[in-house]
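Chains as they are written, first to last, in our numbering: chain A, 28 to 363; chain B, 28 to 363; chain C, 28 to 363; chain D, 28 to 363.
Source of the hints: derived by calculation from the structure; they are not laboratory data.
Hints may contain errors.
Treat identical chains as interchangeable: a pair holds within one or across any two.
DMTMM-like cross-link-like pairs, simulated, lysine to aspartate or glutamate; straight-line CA separation at most 25 angstroms [to be verified]: (1) 245 x 362; (2) 300 x 317; (3) 29 x 143; (4) 245 x 160.
Predicted model only: the values in this text are computed from it and were never measured.
Okay, here's what each chain looks like letter by letter:
There are 4 protein chains.
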Amino acid sequence: MKALVLRSAGELAVADVDTPEPRRDEVLVRVRHSGICGTDLKIFTGAVPVAYPLIMGHEMAGDVVSGGDGLVTPGQRVLIDPVLFCGACVECRSGLTNLCASGGIIGREVNGGFADFVTAPRTHVHALPESIDTRSAPLIQVLTTCLHAQRRASVGAGQSVAIVGLGVSGQLHAQLARARGATMVIGVSRSAWKRQVAERLGAQVTSSSGDAAVAAVKDATGGQGADVVIECTGHMKALADAIAMVRPGGTIVLFGIYTDREAALPFYQLYFKEPTIVSARAAKGEDFPESIGLVARGAVSLSPLITHTVPVTGLREALAMLEDDVDGRMKIILEH
Amino acid sequence: MKALVLRSAGELAVADVDTPEPRRDEVLVRVRHSGICGTDLKIFTGAVPVAYPLIMGHEMAGDVVSGGDGLVTPGQRVLIDPVLFCGACVECRSGLTNLCASGGIIGREVNGGFADFVTAPRTHVHALPESIDTRSAPLIQVLTTCLHAQRRASVGAGQSVAIVGLGVSGQLHAQLARARGATMVIGVSRSAWKRQVAERLGAQVTSSSGDAAVAAVKDATGGQGADVVIECTGHMKALADAIAMVRPGGTIVLFGIYTDREAALPFYQLYFKEPTIVSARAAKGEDFPESIGLVARGAVSLSPLITHTVPVTGLREALAMLEDDVDGRMKIILEH
Amino acid sequence: MKALVLRSAGELAVADVDTPEPRRDEVLVRVRHSGICGTDLKIFTGAVPVAYPLIMGHEMAGDVVSGGDGLVTPGQRVLIDPVLFCGACVECRSGLTNLCASGGIIGREVNGGFADFVTAPRTHVHALPESIDTRSAPLIQVLTTCLHAQRRASVGAGQSVAIVGLGVSGQLHAQLARARGATMVIGVSRSAWKRQVAERLGAQVTSSSGDAAVAAVKDATGGQGADVVIECTGHMKALADAIAMVRPGGTIVLFGIYTDREAALPFYQLYFKEPTIVSARAAKGEDFPESIGLVARGAVSLSPLITHTVPVTGLREALAMLEDDVDGRMKIILEH
Amino acid sequence: MKALVLRSAGELAVADVDTPEPRRDEVLVRVRHSGICGTDLKIFTGAVPVAYPLIMGHEMAGDVVSGGDGLVTPGQRVLIDPVLFCGACVECRSGLTNLCASGGIIGREVNGGFADFVTAPRTHVHALPESIDTRSAPLIQVLTTCLHAQRRASVGAGQSVAIVGLGVSGQLHAQLARARGATMVIGVSRSAWKRQVAERLGAQVTSSSGDAAVAAVKDATGGQGADVVIECTGHMKALADAIAMVRPGGTIVLFGIYTDREAALPFYQLYFKEPTIVSARAAKGEDFPESIGLVARGAVSLSPLITHTVPVTGLREALAMLEDDVDGRMKIILEH
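If we strip away everything but chain A, and leave its shape as in the complex, we get (with noise of 0.2 angstroms):
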């Protein structure tokens, strides 16, 4: 088959390579559409390692060629979750399957969706409804490590919801708020164009960043506070607004991916608030039929933040453009 191929970092090619064999218990998927994140881009460039040579690719869907024993069957489309995990550890044992140590990601530890074909345990193929096609579903896979975030937040009904930080993730994370019953979702972004996307898609409320972000919050919740903020940026300034935002009492969610190891934050807040602070990795299997669900019954539109489609042949270039935030530009989708 056909695959994008990274031989060392930075050195990508399309190369002709064997078609995975399924194992027992295996589903071989012919992949149609898969989409590419900043994780993949750091293992292009080598921030993430990772052993050569790798078919890179972890938010893919697509149809079934074999296997998944009545799971599913042949022909069917698919989406595939890409967090292996052993399911012996003491972290799989308890649930936290997102946690396993000796685990991985379809596409970083082993061999991922950039290609014709991928493999994947039939516990990690999820059929897609009808309403569902393989070119928005590898969105869901974003969904998913989303939803493992709000829940381990408990957002729900009632509450008001503060995402900093409108890229793809954020505007997942603001429709997820309202569709599991928040009342007030206030979208926060320096981009004009991010914060009208977020209104258009369910945001009560938008600010640019910073100290007006932290007023907007107050303002539009009497004066108190968010109960919960969820940081979708990774910066550190977005992170001490996040602590300023949140009500006494309430949650901060830390979605994005901190690589600072120094910074100011009002660390007497964190006493004098009393809040709970939780972070969230990758997503558990639980979180890809209710992801698939949410899409399905229109909750969650995918469709409005999927700005680019090109062939998947391009994904060196397409990973390229992810290097460059501007306005008009969500997510890449790849086509097969």
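Following the hints, position chains B, C and D against chain A.
Only chains B, C and D this time, still in chain A's reference frame:
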């Protein structure tokens, strides 16, 4: 009555003042013993601003003089809950009475226990059983704040709990964790003397601080890290250690009060390990009966922590001792 | 003032009585509208024993006359929380104010709202926003009991919820479940009229009762059963249906009040399906602001449920109507 | 190999059968000891229908022969988790593996441990530490079901727990509740002998059943009732007692299996006391490491519960003994 009146920062003197008049729903208590803590020192120096003149003192036990409406009766020995709240705000209605913005602390916002008499709402006066004397009882107020924190962190059966900092709070946390069913309690302190106290009171393992502590926790938990780490020092370096000590998916309790505004912390680990971080401020009414019960049945020992008992008129000297952390000194109790 | 005084079981008359004197921390309210419910009927007939004479009425809204200390101001339109509690017992301290053994209900243990004026603790008087009139407000008291129940059952995002019994409570439960993010609400009633009301208010599916209802719930949930079943009828047969309707690992809410002492129930299913069963009694203070908010933002509609508005002097006739469940009759509101 | 084969209801004989072939991801175990329980008896009599021929036995420990992929190694002493699940259904994905509709029990849906050898998935084979012999280990399977139930009921620090029925499960529940930090454990049984065993193993109070038990629980809890009541008998009369014993807002655990279809129960109390009722079926994978740990550190004692050890060929006689509940007889272990 006689009282120790703080007329301005640093200006503390014995004075004759009017005995407080209990209002309806209040109880008048003859104070017998009181405790001092770091907050008293900060009020004394002016670091925590208050309205002068003020009678400080928020850890106090004594005998009921009048009031109580059947909840307590004159002559009964009681402990006072100093955390006042309004009962009507959003926080109070949702059970977060410790975060009430209109509330306060007896001995900080209103006159407290460094006096012959003090008043408190009847709901804030807790009868002491036979087995608990008024000399150890002020420490139960400290225990309530530990209990509140361990509840927030769901410390419970079968867990491993690391306590960083083995002052009064740390020693109480260690005993409390054991009482709640924790099966591995690891105490961390630079002081060999404090480690010995912790070992006598139930810590299975102790260690000096820094990398040694991280290694000791890993070692005591099969390489995994502690289910819960309770950071009691308020130092950022110790918080960095706490992040290194916690197991994937574990919980970090911010029990120290952080006054730094900048810190070097392994922020990436907050993503990778997916911990939950909870802070804890003061305590709730429910924490008093349970804390009294823990002491009454011997699950938590207080007297080993009381190293000095001095007359209440020696308050100023006692506060000076607090500034100077030496071996052999832990809790100072004032005798009235 | 004028009041409807119950002098003994069944003996109800308009009488001139002293206007109540608000104590410190109490508010005096001019009642404008009140609601009646099954409990009033039971008090009237003597089935629920009370101390005579009594002014009944626990669902009531009106204008503040005096008191409130800044929480509410004279002239303000308010709803009264009737659930009194002591604040000092084990239940109150642990947040179970609705279960306080020394507490009571305004209109049952102390004089209530079927009068010109009523008093209530300032913490029990809730300001109504512009958009809610005093005529619908008494229904919010009923909504608080539904909210309390749905909180106990953790009704939330993405769930399927079956409501057995579509009287006032059932109709509120259906709307509330939708507002909390439930994605499939199934209403069950023998009355076609009630089913129509439920469909207009947001139930996606409705069914007649018995085996048809079990089949309808299975059908609407992919064969699995409902995540939550809320039994509102108080009939044992309906509870048996609820057990048959719930999915494995789901939750059954006992919202009806069961007066039977014997029942045929599929007890083995309680093992096999491993459900959680929660009952719910009254409500807590925190349920009032949230319920008012739900109505204010239109998430729950009350006026479609008010089928009759009668003068307060018609209380006796209104109680008689309660005994007779006919189509077209749901909530009766008294106008003062 | 030799195995005890059930050819039809009541027809049980030693037979030569093929040693099972472990598949990939399975482990072959030489069984050393197994336990019998009420379910085995029901399978034997045909009350629980199975597909014949069947080798029963779901409580079993032995030595690894082959398989394990590093999780366990040949020669290692292990305990087997008999609860099989598919990993892909709604229940499995949301962590309810014990409720998997496509799952089963080793020894009921597939061949079990009353044989020389048995196979199990590698994730279902748990290494035993030095301190636990294979003779007591089968009881740990029973302990996992108790742990699962106490987790569902959140049994924890400072609670009062009443155990109704002091057979093997009740004795394990009593010890487990103590280990989880319960401060008052009350054991209820008609048998003075069983009450003595419970007292030796940690119950602070014991009582005969019925009204005496209700009074004893009230007495031991300051008049309030127990925080948690665990009903282990499966008798409706005992469940009625459990409802009378629980405190307002407490939890009742349905641990017995109820075969009645009609019952006289104080249903009104389910409203008035607002209890939470949880049932519990089987156990989850996470319950095994924790149960093994509880026994390894001596928090739960198993050997006092093993009153008889017989050769595996005596299975039929051992099953007969189960039907006849006499003093001095508790757990029967089969030696292979």
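Hints versus structure:
no. : hint      : in the structure
1   : 245 x 362 : neither (43 angstroms within a copy, 39 angstroms between copies)
2   : 300 x 317 : between (33 angstroms within a copy, 21 angstroms between copies)
3   : 29 x 143  : within (6 angstroms within a copy, 51 angstroms between copies)
4   : 245 x 160 : neither (40 angstroms within a copy, 28 angstroms between copies)
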